[in-house]
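Given these sequences and hints, build the entire structure.
This is what each chain is made of:
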Amino acid sequence: MTGFIIRRVISMAVTFIVVSIVIFLMMHSIPGGPFDGYEMPLPDNIKAKLMATLGLDKPLWEQYIRYMWGALHLDFGVPFQSPGDTVIGLVAHAWLPSVTLGGLGILFGAPIGVLLGMAAALRRNSWIDYLASALATLGLTIPVFIISTGLILVFAVWLKWTPASGWGEPKRWILPIMAYGAVPLATYARYARATMLDALNKPFVSVLRAKGLSERRIIFQHVLRNAAIPMVTIFPAMFVGIATGSIFVEAMFRVPGLGAYFVSSIDKRDYPLEMALMLLISALYSISYLLADILYAVLNPRIRIEGRAR
Amino acid sequence: MTELTTGTTASVPLAKPDSVRQRSPLYFAWRRFTANKAAVGAGIILLIIILMAIFAPVITTTGPNDQDFLTNALNFPSGAHWFGVDNLGRDFFTRIVYGARVSLGIGFSAAVFSLLVGLPLGALAGYLGGRFDWVVMRIIELFSVVPPLLAALLLATVTRGGVWAIILIAGIFGWKDVCLLVRAQVKSFREKEFIMAAQALGASPWHIVWRHLIPNSVSPIIVGFVLAIPLAMMLEASLSFLGIGVQPPTPSWGQMINVGMNFMFYYWHMAVFPTAALAVTILAASLLGDGLRDALDPTLKGR
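The listed protein sequences derive, respectively, from chains H and L.
Each step along the first sequence adds one to the number in numbering that gives the first Met the number 0, with nothing skipped, and position 174 is 173.
Each step along the second sequence adds one to the number in numbering that gives the first Met the number 0, with nothing skipped, and position 277 is 276.
Hints in this document: simulated from the structure, not taken from any laboratory.
Derived DEER-like restraints, expressed as beta-carbon distance ranges:
no. : chain 1 : residue 1 : chain 2 : residue 2 : range
1   : L       : Trp133    : H       : Tyr129    : 40 to 46 Å
2   : L       : Trp163    : H       : Gly31     : 18 to 24 Å
3   : H       : Leu290    : L       : Val134    : 24 to 30 Å
4   : L       : Val134    : H       : Ala259    : 36 to 42 Å
5   : L       : Trp133    : H       : Gly2      : 17 to 23 Å
6   : L       : Leu141    : H       : Pro40     : 36 to 42 Å
7   : L       : Trp133    : H       : Lys57     : 33 to 39 Å
8   : L       : Ile49     : H       : His72     : 51 to 57 Å
9   : H       : Pro30     : L       : Val111    : 24 to 30 Å
10  : H       : His72     : L       : Trp163    : 40 to 46 Å
11  : H       : Leu49     : L       : Ile53     : 49 to 55 Å
12  : H       : Leu290    : L       : Leu46     : 42 to 48 Å
13  : H       : Trp166    : L       : Val111    : 39 to 45 Å
14  : H       : Arg208    : L       : Lys36     : 28 to 34 Å
In the DSS-like style, the derived pairs of lysine-lysine whose C-alpha atoms are separated by at most 30 Å in a straight line are:
no. : chain 1 : residue 1 : chain 2 : residue 2
15  : L       : Lys186    : H       : Lys201
16  : H       : Lys57     : H       : Lys46
17  : H       : Lys201    : L       : Lys36
Only part of the chain H face toward chain L is listed, based on derived beta-carbon distances under 10 Å:
no. : residue
18  : Met11
19  : Phe15
20  : Met26
21  : Ile29
22  : Ser132
23  : Thr136
24  : Thr140
25  : Phe144
26  : Ile145
27  : Ile146
28  : Phe247
29  : Met251
30  : Met277
31  : Tyr288
Since we're looking at a predicted model, the values are computed, not measured.
Backbone N, C-alpha and C define an ideal beta-carbon position, used for all residues, glycine too.
This is the structure we're talking about:
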């Protein structure tokens with residue numbers, strides 16, 4: 000088991016470093032620099048001096064190593080768009096609405112999705128099965144900003160039940176949370192249904208039925224436990240959606256979160272902030288995949304053996 | 000594919016044993032597909048949208064960028080302008096119809112691109128195995144660590160948007176699904192007897208892959224192709240929505256939603272129609288893809 004984890008961590012670290020290099024190069028290959036966007040162009044000598052103080056005149060590999068060395072010490076530099084702040088401070092500040100929103104979205108979407116999926120598996124071809132598949136298909140295929148537009152149109156513009164946008168009092172949280180929750184809900188509705196059906200069709204269920212166990216005990220004590228393993232393992236992947244979901248959901252509902260910085264930092268060539276955000280997201284991605292792998296290996300010993308043979 | 004000829008599902012009645020006729024696997028796939036009402040409906044809707052995109056100049060006589068007097072801007076839907084008029088005085092129905100061209104064009108081109116890259120790489124990785132396979136799998140792993148949308152954001156800024164850039168970006172993030180599907184299929188066929196026979200006869204690896212393995216991978220190829228279309232359309236819409244995709248005045252639904260958001264509270268038609276158009280098209284394309292996958296490869300069902 001330790002061997003398995005170590006192997007996965009090493010492969011993750013290598014991938015992560017390669018990805019960070021690729022992102023760094025891509026970031027610097029965007030034409031234009033951080034000081035080109037002003038209304039009045041800066042004189043060349045001032046620009047050169049600014050670039051020199053920020054270390055932007057150094058060769059790229061040196062800049063990369065300096066940045067990553069700083070990042071190892073949790074120093075991500077100073078964002079060009081607000082020089083009075085640090086990247087860490089800015090991210091920590093903007094992170095709160097994003098995480099609150101994302102976390103509540105998952106808490107709203109995942110349980111409903113699981114319940115829907117379970118109900119759909121137990122009552123196949125009933126209205127609830129069709130409802131679950133319809134919701135799953137909608138949530139997984141339609142982009143989040145479409146779902147958001149739909150929610151705003153229905154609940155804010157036509158029914159006037161909720162405010163359309165903003166952040167602050169919890170009343171304004173309802174729509175963004177629903178928009179966020181759509182993906183976890185859809186994922187779990189589809190996944191729970193598939194895993195439940197899978198477990199229900201296993202021979203041990205027939206044995207339990209033949210033994211005369213009540214249907215309730217079969218489902219809750221035996222089937223659910225078997226179906227729960229794959230459901231638990233995709234849970235970390237839900238958090239990944241927070242990052243990309245935040246760009247659209249926060250833009251649609253005007254939430255002062257991290258999302259807006261993704262676009263603005265690229266737009267303004269704000270290298271330190273951009274790199275920090277990309278590193279953050281890639282780290283989140285890698286860690287949740289690693290967690291999912293480890294969880295799966297812990298819960299399902301067959302994988303470990305397969306991994307060793309490979 | 001061998002399972003297709005022998006195995007049946009409950010919904011496909013087999014002919015009586017005494018009147019056995021050789022049926023191709025595609026026949027059974029077609030039977031399974033037509034039994035799936037959602038997929039058939041989605042296919043018909045998609046066909047209508049494709050026809051609309053192709054015959055756009057016939058459907059609406061005005062051009063997508065023709066402006067009416069600005070006093071008519073933001074007019075609500077009426078007999079003359081079915082979907083109303085947008086903020087720049089352009090007929091919104093025309094914009095939506097021409098938007099289908101952009102959306103579907105990008106979807107199809109990106110899928111073709113994914114196929115051109117993913118198919119040879121997947122087939123070779125599956126057949127050769129070893130070091131080549133290792134390299135391809137590591138590259139795919141790299142792509143799975145970066146969220147596609149964020150990388151696409153970066154790439155779109157590097158290339159400054161535009162239709163071809165979007166197609167390229169969608170292809171870059173779409174080829175790996177095709178590659179994985181083809182690789183899995185080829186890998187399972189590599190050890191089969193007919194491949195061994197071909198090898199024993201001295202066929203070159205290229206001949207084996209091209210004449211034996213790829214024809215046997217038709218189902219994953221079709222599935223990968225069709226499923227890549229809605230993904231590319233979604234990427235285009237998302238990037239255009241953020242303002243770094245297809246640049247105005249080219250009509251793109253994602254871009255129209257972005258503009259429509261600002262007018263949504265009173266001029267509802269500005270947001271409703273592009274949202275509905277995009278949702279219906281993407282939904283139809285994915286349902287069709289899912290239906291084809293279930294029909295062509297019943298073993299993948301439920302994934």
